[in-house]
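S.K.: Each chain is listed here by its residues.
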Amino acid sequence: MSGIRFESVSVAYGGHTVLDSLDLTVEPGEVMALLGPSGSGKTTALRAVAGFVTPASGRVLIGGRDVTHLPPHKRGIGMVVQQYALFPHMRVKENVAFGLRAHRTPRSGIPGRVAEALEMTGMGAYAERYPRELSGGQQQRVAIARALAIRPGVLLLDEPLSALDAQLRSGMLAELARLHRELPDVSLLYVTHDQVEALTLADRIAVMDRARLQDCGTPQELYRTPRTEFTASFVGNANLLPVTVAERGAVFEGRTLTVGPAGQAPYGIAPGATATLCVRPHLLALGEGPNALRGRITEVQWRGSTHRLYVEVAGHRIKADLPELRETPALGDEVTLHFEPRDAVLLTAGVSHG
Amino acid sequence: MAEATGLAAPAAADDDQATLHAPAGASAPSSPPPAPAARGRRLPRVVWALPPVAVLGVVLLYPLALVVQQSLAPDRGGAFSGYTAVLGSAAFREALGTTVWLAAGATVGCLLLGFVLALIIAFVPFPGARAVAKFIDVFLSFPSFLITLALLFIYGTVGMANGVWTDVTGASEGPFHFLTTPWGVLLAEITYFTPFVVRPLLAAFSQLDTAQLEVASSLGAGPARVIRRVILPEALPALAAGGSLVLVMCLNEFGIVLFTGAKDVTTLPMLVYGKAILESDYPAACVVAVVNIVISVGLFGLYRVVSKRAGA
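Taken in order, these protein sequences are the chains called S and X.
According to the UniProt record's numbering, the residues represented by the first sequence are 1 to 354, in order.
According to the UniProt record's numbering, the residues represented by the second sequence are 1 to 312, in order.
Quick list of simulated restraints, FRET-style, between CB atoms: (1) X/Val306 / S/Ala166: 40 to 46 Å; (2) X/Arg130 / S/Gly109: 44 to 50 Å; (3) X/Val306 / S/Gln167: 39 to 45 Å; (4) X/Pro223 / S/Ile110: 20 to 26 Å; (5) X/Ala49 / S/Ser135: 44 to 50 Å; (6) X/Leu50 / S/Ser135: 47 to 53 Å.
Hints listed in this document are in silico derivations from the structure and should not be mistaken for laboratory results.
Note that the Cβ used here is the ideal one computed from N, Cα and C, for glycine as well.
Use the sequences and the hints to build the structure in full.
M.R.: Structural data, given as structure tokens:
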């Protein structure tokens with residue numbers, strides 16, 4: 001069992017910091033997603049574990065062993081990348097055997113291990129094929145089999161599903177979850193910019209932006225009680241409203257909104273402080289109710305099972321995802337939205353980055 | 001070539017039919033005729049092939065035919081007496097041997113040196129790697145004798161290396177005399193022709209997905225294994241292309257051998273030069289030239305077959 005530990009890891013290219021003192025621990029057997037937009041430093045963090053970038057400062061540990069200055073081929077990790085990177089001149093079985101040969105596995109043991117890895121990813125029937133004879137999804141399965149054949153303690157996945165189409169992607173996501181159930185000892189570090197992949201697969205998500213770790217927690221924690229504006233908007237695309245904290249609730253453009261469990265001062269923030277109120281689009285409802293917000297519709301999108309309304313309230317654009325409406329509202333209509341106090345989260349301005 | 005004519009021929013036939021059935025000039029829309037042909041009678045497309053073929057024939061093929069004819073028409077004896085005389089001579093056999101081993105040796109040297117150089121330029125990040133790659137492009141345009149001349153400055157009898165030696169030791173002459181031996185020719189040929197191997201290799205390496213190299217090393221492969229099992233297989237077509245180019249060029253190399261001043265190193269082109277210019281024995285020179293051409297063309301054909309097999 002081996003976990004991964006980043007201890008104040010910084011990476012810089014020519015004076016430009018691409019990863020700023022990252023502290024993060026992936027427990028043995030845990031699935032950790034590194035989620036963030038491009039340029040957020042998430043891939044750099046993964047490459048620091050793999051050994052393809054050398055940190056300017058800090059340490060990387062795999063299974064308690066300091067690997068910061070170990071070359072990649074001595075780290076004992078499995079890696080899967082976006083573009084599969086299968087060796088084109090080798091058959092599928094030779095691709096999978098590559099790591100075993102490099103690890104000097106006894107010759108007699110190789111065919112069995114190759115078959116096992118291919119069976120696990122459902123590619124047993126394709127051992128004799130060349131990569132060019134396989135579809136993208138099949139190639140990615142072979143790449144996963146190749147990485148798992150050496151039985152690594154740590155599996156690094158760098159945007160593994162980004163090159164696949166949407167339908168294949170959800171299938172592969174279920175497949176990866178199943179693989180991890182079958183190999184509960186393997187720690188997974190999963191880099192993605194897709195929040196659905198992160199929310200579905202990960203035990204914990206580390207949210208990254210601008211070379212820094214912004215937030216880290218279970219998917220539920222990050223979704224329901226984000227700690228930063230960036231997390232709130234990147235995970236679940238929340239509405240963010242600037243408010244002033246009051247005795248009981250928060251004041252938004254002259255309206256007092258109640259937030260959190262009734263009667264409590266929200267999160268112990270001192271009254272008068274500025275803060276950000278975060279409420280998910282799907283937790284807004286039409287009509288009168290608590291925390292009513294009146295505004296004018298500026299855009300309507302029909303998304304099959306839901307309608308997305310953009311409503312301008314006192315100069316702020318609010319997104320609301322509503323169950324499919326019988327009658328499509330017209331642009332310019334006056335509507336009232338409301339939300340339950342327990343569905344909103346207050347973020348103090350001090351912790352926000354975004 | 002065959003495919004191109006194969007495509008052109010049926011199209012021409014279609015046009016002819018179109019003119020037969022519809023003389024108003026309403027030809028098939030798939031092959032719009034050139035504007036002048038829509039009026040008056042149109043020229044068969046074959047006519048357009050005549051000028052380039054004629055130029056090629058006059059400029060290239062006719063002199064070549066003369067060489068072959070000359071080789072078959074010695075002053076005395078039968079048509080092939082020139083061949084039997086030349087091919088039977090010790091001088092020819094020795095020149096053939098020298099040519100082949102020099103070319104083969106230079107090719108092997110270029111492939112080894114070129115592969116190592118290309119690996120370093122492509123995969124070892126160092127400042128100026130791009131400038132070096134650019135310089136190799138420039139190097140390809142240098143005349144071959146320039147390299148030999150440069151080597152003469154360093155290793156020649158009165159070159160720098162020997163000069164330093166005599167200055168330091170006080171000896172009357174330095175120890176470096178290899179430039180006028182076959183080894184000197186080999187050194188000069190390897191120096192000059194290595195970029196011809198490096199160039200296609202760099203192109204091949206730039207196509208290589210670096211993710212493959214990274215995944216290979218994450219799987220536990222050290223640099224040697226990555227080179228042997230991942231990079232080399234991908235580079236084989238480029239190595240074959242560069243190697244066969246160098247082999248053919250070395251077989252025909254003249255300037256380098258002449259400039260080293262290696263009097264004992266007689267290659268086939270040197271033999272042609274000796275026979276034709278120094279001995280005025282044109283038929284014999286032409287025989288050697290024809291043999292040289294046959295070897296070159298044969299090698300080229302072999303290269304085509306091999307590279308097609310390799311799927312290049």
